[in-house]
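Visitor: Below, each chain spelled out in residue letters.
2 protein chains.
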Amino acid sequence: MRLNRNVAAFIRTARVAHLATADAAGQPLVIPICFAFDGKEFLSAIDEKPKRTTKLKRLRNIAENPKVSLIVDHYDENWQRLAYVLIRGTAKILLRGKRHQRGVELLRRKYFQYRRMAIDERPMIVITPNQFKSWGDL
Amino acid sequence: MRLNRNVAAFIRTARVAHLATADAAGQPLVIPICFAFDGKEFLSAIDEKPKRTTKLKRLRNIAENPKVSLIVDHYDENWQRLAYVLIRGTAKILLRGKRHQRGVELLRRKYFQYRRMAIDERPMIVITPNQFKSWGDL
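For the record, the sequence lines run as chains A and B.
Take the first sequence: its letter number 12 is residue 12 in the numbering used here, and every next letter is one higher.
Take the second sequence: its letter number 133 is residue 133 in the numbering used here, and every next letter is one higher.
In case anyone wonders, no lab produced these hints; they're calculated from the structure.
Please note that the accuracy of each hint is not assured.
Claimed, not checked - Below are the DSSO-like pairs computed for lysine-lysine, each with C-alpha atoms no more than 27 Å apart in a straight line: (1) A:57 / B:98; (2) B:57 / A:40; (3) B:57 / A:57.
Quick caveat, the model's predicted, so the values are computed rather than measured.
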């Protein structure tokens, strides 16, 4: 999928996105996430304590139903300046391996906050987009 | 449902929230919304042109599956300052009537931008919460 330059820049510079998952019963869940985008996939670390991660609803939802929706958006009181990029895709959880390691590197490059956190030992959500929709003042 | 004062203030002062819906096939959709909270329900106007509203995916999702998730959150580079209030609930669409009118009033009071928009002639999403979960520096 080839992205328009403005869309790609809007995604890359955003510090936070919002991820929606849904469980097998169709109950949606939305959470704010920090993420890295390598041009193909979105990577997001789980930074909770390992013991608790298996209980995280977002991970259970992805295991039950890999369909997700992700939005990167900008709010402004001047509504002519509102903008978003809406992504639909599928998610999976990585526990280790090369893509996991690459994700850790990208996230630590983007967020100084991760440099002192043990995200290399935590699960990572990888989202493969299958649709991008952009709107507004990008 | 009685809310802690900080939680209620955090919700009331937020200018934007993120709403997740899901269709009958379990595909989630997340969108940013402007909203008013009257202490019991969340109200969000549809400001697209009337002709297009019947096509809006969020409205079709709610018709198929009323379960929704809503988040009000604050991002800060100091991650000690991150905060959110996560709401689970059910949504429905109002086309007219007293609650619709009350929603228009609340939204116009909160957002000057709506004062010149014909939201009184557009559908409104009403979310009845059944769970609040707050986290972080509220």
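Visitor: Taking the hints in turn, state whether each one holds.
Guide: We went through each hint and held it up to the structure:
no. : hint        : in the structure
1   : A:57 / B:98 : 37 Å, violated
2   : B:57 / A:40 : 25 Å, holds
3   : B:57 / A:57 : 25 Å, holds
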